[in-house]
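*Asks:* Protein chains in written order, with my numbering: chain C, 1 to 322; chain A, 1 to 322.
Treat the hints with care, as some may be off.
Copies of the same chain look alike in the list, so a pair counts if it fits in one copy or across any two.
To be verified - With a straight-line Cα cutoff of 25 Å, these simulated SDA-like cross-link-like pairs (lysine to any residue) come out:
{"id": "1", "residue 1": "297", "residue 2": "6"}
{"id": "2", "residue 1": "297", "residue 2": "280"}
{"id": "3", "residue 1": "297", "residue 2": "174"}
{"id": "4", "residue 1": "320", "residue 2": "97"}
{"id": "5", "residue 1": "320", "residue 2": "22"}
{"id": "6", "residue 1": "297", "residue 2": "2"}
FYI, nobody ran anything at the bench for these hints, they're computed from the structure.
There are 2 protein chains.
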Amino acid sequence: MTFPIPPGTRDVLPDEMRELHAVMDGLRASLEQAGYGEVRTPTVEYEDVLRQGDARAAGAGWRLFDEHGRLLVLRSDMTIPIARLVGTRLGDQDGPLRLSYSGQAFRSVTRGSGQLTEFLQVGAELIGVAGVEGDAEIVSLVIEALSACGLRRHSVGLGDGALYRALLAAFELADEDADALMASLMHRDLVGLEQRVRAAGLPEALYVVPGLRGGAGVLDRAEELMGEVAATALIELRGLHDELSSRGFADRLILDLGLVHELGYYTGAVFELYDPAVGFALGGGGRYDQLMGRFGKPRPACGVALNVQNVHIAQAAEEKMR
Amino acid sequence: MTFPIPPGTRDVLPDEMRELHAVMDGLRASLEQAGYGEVRTPTVEYEDVLRQGDARAAGAGWRLFDEHGRLLVLRSDMTIPIARLVGTRLGDQDGPLRLSYSGQAFRSVTRGSGQLTEFLQVGAELIGVAGVEGDAEIVSLVIEALSACGLRRHSVGLGDGALYRALLAAFELADEDADALMASLMHRDLVGLEQRVRAAGLPEALYVVPGLRGGAGVLDRAEELMGEVAATALIELRGLHDELSSRGFADRLILDLGLVHELGYYTGAVFELYDPAVGFALGGGGRYDQLMGRFGKPRPACGVALNVQNVHIAQAAEEKMR
Chain C
1 MTFPIPPGTR DVLPDEMREL HAVMDGLRAS LEQAGYGEVR TPTVEYEDVL
51 RQGDARAAGA GWRLFDEHGR LLVLRSDMTI PIARLVGTRL GDQDGPLRLS
101 YSGQAFRSVT RGSGQLTEFL QVGAELIGVA GVEGDAEIVS LVIEALSACG
151 LRRHSVGLGD GALYRALLAA FELADEDADA LMASLMHRDL VGLEQRVRAA
201 GLPEALYVVP GLRGGAGVLD RAEELMGEVA ATALIELRGL HDELSSRGFA
251 DRLILDLGLV HELGYYTGAV FELYDPAVGF ALGGGGRYDQ LMGRFGKPRP
301 ACGVALNVQN VHIAQAAEEK MR
Chain A
1 MTFPIPPGTR DVLPDEMREL HAVMDGLRAS LEQAGYGEVR TPTVEYEDVL
51 RQGDARAAGA GWRLFDEHGR LLVLRSDMTI PIARLVGTRL GDQDGPLRLS
101 YSGQAFRSVT RGSGQLTEFL QVGAELIGVA GVEGDAEIVS LVIEALSACG
151 LRRHSVGLGD GALYRALLAA FELADEDADA LMASLMHRDL VGLEQRVRAA
201 GLPEALYVVP GLRGGAGVLD RAEELMGEVA ATALIELRGL HDELSSRGFA
251 DRLILDLGLV HELGYYTGAV FELYDPAVGF ALGGGGRYDQ LMGRFGKPRP
301 ACGVALNVQN VHIAQAAEEK MR
C-alpha cells in the first residue's frame, strides 16, 4: 500500500522544519521591527470576493464549494485578501498602513498544467504611500530582511508592470497580436517574442526594449527607443533606481525592462528577488495602485512576498559556499 | 458592497496576531525542548488516504477535487496525516518517535450543521511508548506547555475512550441501542442518556458510570458498578492517575468516565484540557494504538492537540484576574 500526497505538496521533517522556522522568524522579525504589523486572513475565501481584486488571481487557486454551493478557493496570494481586509476592517484609518503576513498559499505551478502547489510565504504591504517613496521603502525592506536571515549576495530585478502595455498601446497593435506578445513575455520567452515581432513586421522596439537588462544605461537606451511612450514609467524607474542607490543598494540592482508579473493588478514598479546561489526567484512584488479602490477607499499601495522555502534553499547554498 | 469571508473563518489584526504568535511560540518552544521535533504536512490530503486512518475524520473536512476528479479534503486534524508521514517516511526508525506540529486545521463545528471552521492547532504525538508511561509523558508535556505560556489554573479531564464501548459490549446491547447511547454521550447529554437507558429498561450502570467525575474515588465507584467489565481500562486509568499525581499534578486532575472523543481512533486514555477562566476545552487528545498500523508497522501512540486561539483567550482571561 502507498499513501500519496497531492502533487505540488510535501511533508517537512524536523531538521528542515527547524531551518524553515529560523528563516521565517528572521523575516518576520525584520518586518515587525520596521513597523509592519502581522495580519492573518482565512485560508479559504469566496471566489467572487477574490475576483473583485483580480480575475486571474481568483482563478489560480484550488476550488471547493460550501454547503450552499457557493464557490470557494484556497487563496493563491495574500495581496487581494489584505486589500479586502483593509477595505472592510481598516478603511477608516488615515495615513500609511504597514502590514505583513506569513502563511500558506496555493497556486498553479504553470498555467493550464493542472499541476498545483502549496507554498509558504512571508510578505509585506505598504498602503497609502505613492510612487518612488513607497517602492523604495518596500524594496529596501526586503533587501534588509534577506540580509537579516543570512543572505549576502542577493539582488533585485527592477522593472515596470505598465511599461510594455504602454508600448503595445502606442503602436496600436490588434488585441490578438498584443495578447500573443504579452504571453511570450510572461513566459520570459524573448526568442519567441523577437520571432513574432519580426514575422508580423512590427517595430523592433517591441522585442528590443524587453530585452534591456543591466545598469542605469538601460534607461537611456529605452528612452532612445521609446521616446515619449512610457516616459512616466521610465522617469519613475530612474527615480527608484536613484533612490535605492543613494540608500547604498546600487550593487544589488538590475534594471530589467522585460520583467512583468502574471497577476494583472500591478500598475507601476515591479521587482523580483534573486540570489546567485540558486536559479529561481526568491519572491517578488510591485506597485498596485488600483487594487485598494476595488474594496474601499482608493489608495496607492506596494507590496512584496517571499517564498520561504526558496529563501531557505538560497541561504543553505550560500552557507555551503563560505 | 460587502466582502464576506466564509462562516467559521476570521481575519486577525496585528495586536491579536502578536499575542497569538507569543502563545504559539511558547507552546512550540516547550515541545521542542522536550524533544518533540516539529513536522509539517500538506494542508490538503487525498480523502481515501485520510479515510485509511478514520472514516469519520476524513468526512469532517472541507472537500475539493483535483484535476483528475480525485477527492481531496482540507485536513481536519494532524494525527492521521502524521500517522501517514510516519508510515511512509519514518517507518524504519526504531525506538520512540517524538513529533510536534503547528498549523491550520478545518472541521465541522457541529456535525451536520454545515457550519465549518478553520482553527490553529499546536500539538504533539508520542509514537512507540505504550500505556501509562506514554500517556503520562504526553499529559505532563501539555500541562507544562500551558504553564510555560502563562496559564496557572489549568486542569486535565481524564477518561478512557474504550471504557463505555466495553460496557455496551458487556451488556450485549443491540447495535441500534448502543449507537443511540453513544451519540448521547458524545453530545455530553447525560440527561438524555439517563432517559434512554431508563426507557429501554437497560442496566443503570449505562448512565451512572459516564456520570462519574472527580477524584480517585470515581474509580472505586466504577469498579463496584462494572466489576470485571472494562477492568483493564480502570486499571490503566488508575495507573495514569497515580503516575501523574506522583509527578506533582494531583491538583490538576479530574477523572471523567463520561469523556469520549468524536474521532473513532482512540483506544485507551483520553483527556481534555480546561481552564476555569473559560467555558470551553483548550484541547485534548488520547491514546490510539491501532492507527499507526493502518499506515505501516503497528506501534502504540498517544497525542494531544491545543487550539491556539482558545489557549490565548484563557491566557488573556487569566491575566485580567491577576
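*Asks:* Taking the hints in turn, state whether each one holds.
*Replies:* Now for the hints, and whether the structure bears them out:
| no. | hint | in the structure |
| --- | --- | --- |
| 1 | 297 x 6 | between (40 Å within a copy, 23 Å between copies) |
| 2 | 297 x 280 | neither (36 Å within a copy, 39 Å between copies) |
| 3 | 297 x 174 | neither (34 Å within a copy, 64 Å between copies) |
| 4 | 320 x 97 | neither (39 Å within a copy, 30 Å between copies) |
| 5 | 320 x 22 | within (17 Å within a copy, 33 Å between copies) |
| 6 | 297 x 2 | between (52 Å within a copy, 13 Å between copies) |
Violated hints, listed in ascending order, are 2, 3, 4; each of the other numbered hints is respected by the structure.
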